[in-house]
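A.B. asks: As a plain string of letters, each chain reads:
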Amino acid sequence: MNLRMGSQLFIDVQIPLLWGTRAIVQDPEERLSIINLGGDRALLEVLEDEPAQGIPFAPSVEGFVIMDAQGTELYKVSPVAKSITPLSLKLLPVTISRDAIRVGTNTFQSNMVSGFGVGISVTENGIGLGGSVPPGLAALRV
Amino acid sequence: MKVHLNSDVAYSQRLQSELPRHLSALAKACQERDFEINLPLTTVLEFERQQLAIVQGEREALTSAGATLDKYRIPHEDFNVNELIRTRSLDDLFRNAGVKVQVISPTIEDFNDAHRRASLHLSPQVPNDKGEDEMRDLVIWAISLRVAKLHGGAVLLSRDKIHTGELGRVEAEAAKLSVVPSVDDALRLFKIETPDAKLFIELLTPLWKELPAQGLAVPAEVSVVDVRNARFVRGPSGALFALATIHVRLESGAEKAVVVQLRTPPEGPSEVHVFEAGEIASVEASALTSAAAPPAPDRAYEERLERLRKVLGE
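Heads up: the protein sequence lines correspond to chains R and B, in order.
Residue 1 is where the first sequence starts when you use the numbering used here, and the numbers rise one by one after that.
Residue 1 is where the second sequence starts when you use the numbering used here, and the numbers rise one by one after that.
Warning: the hint list may mix true and false statements.
Said to hold, decoys possible - Pair ranges (Cβ atoms, derived):
| hint | chain 1 | residue 1 | chain 2 | residue 2 | range |
| --- | --- | --- | --- | --- | --- |
| 1 | R | Gly38 | B | Asn229 | 15 to 25 Å |
| 2 | R | Leu9 | B | Arg73 | 53 to 63 Å |
| 3 | R | Arg41 | B | Glu77 | 34 to 44 Å |
| 4 | B | Lys100 | R | Thr72 | 29 to 39 Å |
| 5 | B | Ser252 | R | Pro28 | 53 to 63 Å |
| 6 | R | Glu124 | B | Lys209 | 41 to 51 Å |
Said to hold, decoys possible - Simulated coverage check for chain B against chain R, where a stretch passes if three residues somewhere in it have a Cβ under 8 Å from a Cβ of chain R:
| hint | segment |
| --- | --- |
| 7 | 103-115 |
| 8 | 228-235 |
Unchecked claim - Here are some chain B residues the structure puts well away from chain R; computed CB gaps all over 10 Å:
| hint | residue |
| --- | --- |
| 9 | His22 |
| 10 | Tyr72 |
| 11 | Val81 |
| 12 | Ser182 |
| 13 | Arg299 |
| 14 | Leu305 |
| 15 | Leu308 |
| 16 | Glu314 |
Source of the hints: derived by calculation from the structure; they are not laboratory data.
Even for Gly, the Cβ is constructed at its ideal location relative to N, Cα and C.
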């Protein structure tokens with residue numbers, strides 16, 4: 001896919017921003033969608049700044065919290081700030097603004113990532129720019 | 001009431017010229033109740049450090065933009081990046097929101113207390129093999145406990161595992177220090193309607209009169225005292241499934257906790273089911289659709305899905 005997001009240019013990448021097992025995508029209108037690739041099939045959790053159908057959530061002051069089927073709070077989405085904050089997930093928070101993608105205290109600005117499986121990857125162990133798709137993830141299809 | 005903030009609750013990846021939305025809600029709630037925001041100096045300094053790192057990046061970007069204009073001899077007004085892009089302190093942002101704020105500097109006793117806990121790996125620090133001695137967190141803990149004891153109670157907003165873990169619970173309870181992980185939880189503690197509670201009550205209100213038939217002897221008017229663990233699942237065409245543990249005031253005046261499950265299909269009447277607290281009523285997406293009549297296609301949702309597919313290059 002080819003996509004401009006948070007001032008980065010992703011060309012011919014499969015997943016522009018991989019946050020743990022979740023693909024984060026921002027469309028040209030700056031709406032966030034989040035797809036969990038950790039299961040057998042891709043599971044759409046957030047669609048255009050709103051919880052997707054069939055996904056447990058709770059509204060919060062800043063936006064909403066996405067939960068698992070047992071009610072465990074996974075992460076919080078702030079559609080105004082364009083930020084995703086982990087709650088029970090052990091990942092760094094991500095904010096996608098017009099001029100940058102911020103992951104924790106790290107800022108990605110005006111990079112071009114071309115021909116990689118993953119553009120920016122955020123794992124429990126660290127972050128990386130340009131890499132292969134980790135094994136075991138479902139294909140990014142909704 | 002003194003409301004303390006750990007730095008993780010105030011953490012921001014943006015340059016803040018005013019309070020972010022969640023802290024603004026907290027400030028408003030505290031102002032309405034004449035509560036005071038207590039900012040440990042550690043939190044103020046950590047916020048400043050984060051903001052300085054962001055402001056540095058912004059200044060460099062503006063300087064670079066000016067240099068590019070100069071390079072191509074494009075005229076522009078002189079500007080001073082340090083004056084144009086400034087940081088604001090966290091206490092200043094709260095003060096501007098109209099709430100009472102106090103920055104609490106650690107005392108030598110707080111430092112000694114934190115130092116002792118860090119060195120001896122005492123509660124509330126979690127034993128670890130990484131040699132982590134979180135002095136900053138322990139200083140905030142010491143300040144919060146001291147203030148809570150002094151004023152007969154306080155609130156600490158923190159997601160930090162040191163503050164929220166089991167080890168510090170007894171000590172916090174003894175000092176009447178309530179530790180909550182988010183602004184939403186703080187608002188709940190203040191007995192303020194939170195967004196999730198408000199939505200749940202809004203859905204429950206039209207079905208309230210059905211509760212007595214389900215064995216819940218509630219008065220005619222809605223008497224929800226508290227809403228906990230609310231979760232919602234959206235279905236096609238505006239269907240909504242909701243589940244929460246609620247505390248209701250009964251006709252007898254007593255209070256009771258029950259689990260309430262709500263289902264509002266796109267067409268037809270909404271349903272309410274009451275379970276004893278502790279009974280498991282799972283959120284099943286399948287419960288959203290009627291087995292008898294398949295839901296009508298949700299065109300608006302399909303259109304949004306189609307837009308996403310286009311972005312994904314499908």
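A.B. asks: Now look at each hint and say whether the structure bears it out.
C.D. replies: Status of each hint after checking the structure:
1. At roughly 24 Å, the beta-carbon separation of R/Gly38 and B/Asn229 lies within the given 15 to 25 Å, and the hint holds.
2. Between R/Leu9 and B/Arg73 the beta carbons are some 28 Å apart, a value that contradicts the proposed interval 53 to 63 Å.
3. Checking the proposed 34 to 44 Å range against R/Arg41 and B/Glu77 shows it is violated: the Cβ atoms sit about 56 Å from each other.
4. Separation of B/Lys100 from R/Thr72 is about 36 Å and conforms to the stated range, judged on CB atoms against 29 to 39 Å.
5. One distance hint, 53 to 63 Å for the beta-carbon pair B/Ser252 and R/Pro28, holds here, with the actual separation near 58 Å.
6. Checking the proposed 41 to 51 Å range against R/Glu124 and B/Lys209 shows it holds: the Cβ atoms sit about 49 Å from each other.
7. For the segment 103-115 of chain B, the stated coverage by chain R is violated: 0 residues have a C-beta nearer than 8 Å to a C-beta of that chain, whereas at least 3 were required.
8. Given a C-beta distance limit of less than 8 Å, the hint that chain R covers the segment 228-235 of chain B holds, as 7 residues qualify and 3 suffice.
9. In this structure B/His22 is not separated from chain R by more than 10 Å, as the shortest Cβ-Cβ distance comes to only about 5 Å.
10. Distance check for B/Tyr72 against chain R: the nearest CB is about 19 Å away, which clears 10 Å, and the non-interface claim stands.
11. Every Cβ of chain R is farther than 10 Å from the Cβ of B/Val81; the closest lies at roughly 16 Å, confirming the non-interface assignment.
12. A Cβ of chain R approaches the Cβ of B/Ser182 within 10 Å, the least distance being about 8 Å, so the stated non-interface status is violated.
13. Against chain R, the non-interface label of B/Arg299 holds: every CB pair exceeds 10 Å, the least being about 13 Å.
14. Once the 10 Å rule is applied to beta carbons, B/Leu305 is inconsistent with being away from chain R; the minimum gap is 6 Å.
15. Remark: the non-interface label on B/Leu308 conflicts with the geometry, its nearest Cβ contact in chain R lying 5 Å away (cut-off 10 Å).
16. Residue-level check failed: B/Glu314 sits 6 Å from the nearest beta carbon of chain R, not beyond 10 Å.
In summary, the structure is inconsistent with hints 2, 3, 7, 9, 12, 14, 15 and 16 from the numbered list given earlier, while agreeing with the others.
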